[in-house]
Amino acid sequence: MQQGARFEILEHTADVGIRAYGRSLPELYSNAARALLDIMVRTRDVRPAVSLDVHVAGRDRVELLVAWLHEIIFRFETTGLVFGDAEVRRIEDGSLDGVLRGEPFDSRRHVLGREVKAVTYHGARVDETRDGWIAEVILDI
Amino acid sequence: MGEQQWNGPLERLDECRLRIPREYKPGMKVDGIIYADDNLLADLRKDQAPEQVANVAFLPGIQVASLAMPDIHWGYGFPIGGVAATDPEEGGVVSPGGVGYDINCGVRLIRTNLELDDVRPRIQELVGALFRDIPCGVGREGSIRFTPQEEKHILEQGAAWVVRRGYGRPEDLERTESGGCLEGADAGAVSDRAMERGRGQVGTLGSGNHFLEVQVVDEIYDPTVAEVFGLHRGQVTVMIHSGSRGLGYEICDNYIQKLQDVPRKYGIELPDRQLVCAPVRSPEGARYLAAMRCAANYAWANRQVLMHLMRGIFEHFFKMSAERLGLELVYDVAHNIAKLERHVVNGRERELCVHRKGATRAFPAGHPEVPEAYRSVGQPVLIPGDMGRYSFLLVGQPRAMELTFGSACHGAGRLLSRTAAIKAARGRSIKKELQSQGIYALARGRHGLDEEQPAAYKDVSNVVEVVHRAGLARKVCRMRPLGVIKG
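Chains as they are written, first to last, in the working numbering: chain C, 1 to 141; chain E, 1 to 487.
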């Protein structure tokens, strides 16, 4: 793992993917979420005025990752909030507790990025490496 | 992400078709057939899309061949441009991946009585008005709110329900594929979360490659058919490209999740997890179809409301009624959908489940599903291109019924990744470049027009040529953009 690198955005012709790193699983899932947010909005403009608690479950690590990222898309589309940061607090027995921080969308201050339709299973992976954890997932844009 | 070179077998069948023999992979039930000429062949091996054509050939009950249109490119499970028909009587399956996330993404074309000179001098103002009043862009909610009960009506009755509520005219429905409503939609098969995601988005364009475009007919290939469709050179048209928004994405997602264990239950072996499927005649398959039809109906209602908003803006702008402006729907087609249709296979007519994943229905003259006004010539087939060049209108041909279950291509397909497009736009103004070609474009979002610039797309005319020469659909006319709004 590169020093300080938390995530990368992978791009091919019609697709956008995420590669995230973490020393622990919660850090890995936090960074994957930050990668997703980075695609959705210019995160530096978003103030952490509101916190939303999120709880999701999955049968394995990949499903849990997909469910967590999917929840962020869902909350963005249904709450009118934009999120500047996400953090995973706990991962245990196939369930995850996290928090999303942001504020109501304001077109004068917030610059939206791409519409993420879905998180796909194609090539999705969560693996342990010598230095920690790595995850990859492809988004449908 | 499927970017490695594909080295499998591609045998040339004729000028327009290539074959992946079923012997290529054990488990393929039929051949793969890709529509491509030598021009398109060069790009074909650049990604794993042909492998996906071979993978789709594994689906139980698949008939004739796993097909791909000339705009084929790599997708999730199914290739974009894929067409697959399965026979429920032979255990045929339905696969959410064969429809995609944007269920009933599609295109509609509206004609006007306006000529180029009526619009060209005022195009900036007109596009400005459309951009202001048509909700577009990421997360933009619609101007019309529906209650949960009303949303259920939309899911089960589609465009017909919104027309009854005053968003358009009954004759619009006659010129919409399937009348803008699929039977067998059951809102009970749709999750609360999908309903919630969809509630505020009826009458919104969305983002990505979705658009509303003011165009002018600049080339007529078949004057007789163009006349039947009410089109002539120099005439202004409007094209709308959108789909089922968050509702469709959520339904697809829900069912890909729900169906994960279903192939094992029915003893179906699949080469890719993203191809999950269920027999059409199983409780799981029936439930997905019931939900998918809800999203399809929602998408037709969405495009209907978008057209209604557009009519209102034109009326206000030109200070003339929509009737006097001649704002009539030419046609509306779906290009991501699964439908039960009757087709002849080996001399016997049967009901098949036809998946069109980035493919357009192209029924010929005489087919009962072609609107009466067009039945003597065939169904209009709408093929959008990029915002700098042109889009095409074709007409369905009998060969499509023989070869592709009544299907043709759906669009251009990307050439550059989004990042590459942004890089290519650095130090340039795409907006100004388009303006110098007489095209006024407005877009929301961080990357504006850069990601969607014309050079990011393949030339759609190459794709259309193959479909035309293969006899699936014939070229009728070409429309050039004058003004574009993008999400």
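Do not rely on the hints blindly, as some may be mistaken.
Listed next, the stretches of chain E that the computed footprint assigns to chain C, with coverage defined by at least 3 CB atoms under 8 Å from CB atoms of chain C [to be verified]: (1) 189-199; (2) 240-252.
Computed beta-carbon distance windows for the label pairs [said to hold, decoys possible]: (3) C/SER107 to E/GLU150: 22 to 32 Å; (4) E/GLY166 to C/ARG59: 13 to 23 Å; (5) C/GLY123 to E/SER429: 29 to 39 Å; (6) C/ARG59 to E/HIS316: 45 to 55 Å; (7) C/HIS55 to E/TYR266: 29 to 39 Å; (8) E/THR419 to C/SER107: 22 to 32 Å; (9) C/GLU128 to E/GLN4: 20 to 30 Å; (10) C/ILE9 to E/TYR266: 45 to 55 Å.
Derived, one-sided and incomplete: chain E residues facing chain C with beta-carbon distance under 7 Å [to be verified]: (11) GLU3; (12) GLN5; (13) TRP6; (14) VAL138; (15) GLY166; (16) LYS258; (17) LYS265; (18) TYR266; (19) GLN274; (20) SER376; (21) SER417; (22) ARG446.
Hints are computed from structural coordinates only; laboratory data are not their basis. Using N, Cα and C, we set each Cβ at its ideal position, and we do this for glycine too.
Outcome of the hint check:
1. Note: the stretch 189-199 of chain E has 3 residues with beta-carbon separation from chain C under 8 Å; the three-residue rule is met and the coverage holds.
2. Restraint check on the stretch 240-252 of chain E versus chain C: 4 residues with Cβ-Cβ distances below 8 Å, three needed, restraint holds.
3. Restraint check, C/SER107 to E/GLU150: a C-beta distance of roughly 27 Å satisfies the suggested window 22 to 32 Å.
4. At roughly 47 Å, the beta carbons of E/GLY166 and C/ARG59 sit outside the given window of 13 to 23 Å.
5. Distance hint for C/GLY123 and E/SER429: a CB-CB separation of about 36 Å, consistent with the stated range 29 to 39 Å.
6. Under the hint 45 to 55 Å, the C-beta atoms of C/ARG59 and E/HIS316, about 54 Å apart, fit the expected range.
7. Taking the beta carbon of each, C/HIS55 and E/TYR266 are about 33 Å apart, inside 29 to 39 Å as hinted.
8. Remark: the range hint 22 to 32 Å for E/THR419 to C/SER107 is upheld by a beta-carbon distance near 25 Å.
9. A hinted range of 20 to 30 Å holds for the C-beta pair C/GLU128 and E/GLN4, which are about 25 Å apart.
10. Taken as a hint, the range 45 to 55 Å is violated for the pair C/ILE9 and E/TYR266, whose Cβ atoms sit roughly 38 Å apart.
11. Because the closest C-beta pair between E/GLU3 and chain C is about 5 Å apart, less than 7 Å, the hint holds.
12. The interface hint given for E/GLN5 is broken, as the beta carbon of that residue sits about 13 Å from the closest beta carbon of chain C, more than 7 Å.
13. At its closest, the beta carbon of E/TRP6 sits 14 Å from a beta carbon of chain C; the interface hint therefore is violated under the 7 Å criterion.
14. Checking E/VAL138 against chain C: minimum C-beta separation of about 4 Å stays under 7 Å; hint holds.
15. At its closest, the beta carbon of E/GLY166 sits 27 Å from a beta carbon of chain C; the interface hint therefore is violated under the 7 Å criterion.
16. Interface restraint check for E/LYS258: the shortest CB-CB distance to chain C comes to about 12 Å, outside 7 Å, so the restraint is violated.
17. Restraint check, E/LYS265 versus chain C: the minimum CB separation of about 16 Å is more than 7 Å; hint violated.
18. Taken as an interface hint, E/TYR266 does not check out: its beta carbon lies about 20 Å from the nearest beta carbon of chain C, beyond 7 Å.
19. A hinted interface residue such as E/GLN274 counts as satisfied when its beta carbon comes closer than 7 Å to some beta carbon of chain C; here the least separation is about 5 Å, so the hint holds.
20. Given the 7 Å rule on beta carbons, the hint for E/SER376 is violated: about 38 Å separates it from the nearest Cβ of chain C.
21. Residue-level restraint check for E/SER417 holds (minimum Cβ-Cβ distance to chain C is 4 Å; threshold 7 Å).
22. With 7 Å as the threshold, the beta carbon of E/ARG446 comes within range of chain C, its nearest partner Cβ sitting at about 5 Å, so the hint holds.
This entry does not satisfy hints 4, 10, 12, 13, 15, 16, 17, 18, 20, going by the numbered hints stated previously.
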